[in-house]
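Protein chains in written order, with this note's numbering: chain A, 5 to 117; chain B, 12 to 130.
What the hints contain is simulated information worked out from the structure, not anything from laboratory work. Just so you know, these numbers come straight off a predicted model, no measurement behind them. Check before you lean on any hint, since a few could be wrong.
Computed list of lysine-lysine pairs in DSS-like fashion (alpha-carbon distance at most 25 Å, straight line) [claimed, not checked]: (1) A:K61 x B:K122; (2) B:K72 x B:K122; (3) A:K87 x B:K79; (4) A:K87 x A:K61; (5) A:K13 x B:K60; (6) A:K13 x A:K87; (7) B:K60 x B:K72; (8) A:K18 x A:K87; (9) A:K61 x A:K75.
Output of the computed footprint for chain B on chain A, the stretches with three or more beta carbons under 8 Å from beta carbons of chain B [as the list claims (entries may be wrong)]: (10) 39 to 47; (11) 68 to 75.
The C-beta atom is built at its ideal place from N, Cα and C for all residues, glycine as well.
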Amino acid sequence: DGGITQSPKYLFRKEGQNVTLSCEQNLNHDAMYWYRQDPGQGLRLIYYSQIVNDFQKGDIAEGYSVSREKKESFPLTVTSAQKNPTAFYLCASSPSSGANVLTFGAGSRLTVL
Amino acid sequence: AQSVTQPDIHITVSEGASLELRCNYSYGATPYLFWYVQSPGQGLQLLLKYFSGDTLVQGIKGFEAEFKRSQSSFNLRKPSVHWSDAAEYFCAVGVEAGYSGGGADGLTFGKGTHLIIQP
Chain A
5 DGGITQSPKY LFRKEGQNVT LSCEQNLNHD AMYWYRQDPG QGLRLIYYSQ IVNDFQKGDI
65 AEGYSVSREK KESFPLTVTS AQKNPTAFYL CASSPSSGAN VLTFGAGSRL TVL
Chain B
12 AQSVTQPDIH ITVSEGASLE LRCNYSYGAT PYLFWYVQSP GQGLQLLLKY FSGDTLVQGI
72 KGFEAEFKRS QSSFNLRKPS VHWSDAAEYF CAVGVEAGYS GGGADGLTFG KGTHLIIQP
């Protein structure tokens, strides 16, 4: 079955460390997205990519980085510059950019110790 | 840029009772509207969407939503809730392809409504 796989499900990090969250899709979707979810804040867009080797900042990109070297993969690195990294991170994809149905992964919960 | 408001942070409904979750949006062009549901610790699942046409849209799990342009609303309804409907519900607005009126690509989400079902 097609879908989006996020790993790891849970991740613990010490302050000052960079961590990378994996997102892989086998839906043949062109567009991919990373959202951050905090209690009572809804989902906020971190980065998105409409095509391989291209990506744009979302609303809260500071302290994060991404790459899109392959169509099916869109990893997110949470750097030490991110002041409050503890959150639930959701990866999504859609067939193309613009208003489209997003398919979401199951999420990764990052906790900074 | 577009925005979404879900006025109710929490809603408690008795099992078997009817449900209405409110959603208001702000957007300068024709809105593309969505409702998603999220179980604890999980990703989001699409309930229904509105792109154009009939303003009353049917979704999965017995949910429906009505687009009212005059009120900038897209409220979600269900005639009789089940205990399994307890979850977080998100309304979202999307930018149409090629729109360059500002805001990033992808969907803009409301802050969510937490639905509690009483036995």
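Notebook entry, point to check: Quick check: which numbered hints come out false for this structure?
Noted result: 3, 5 and 11
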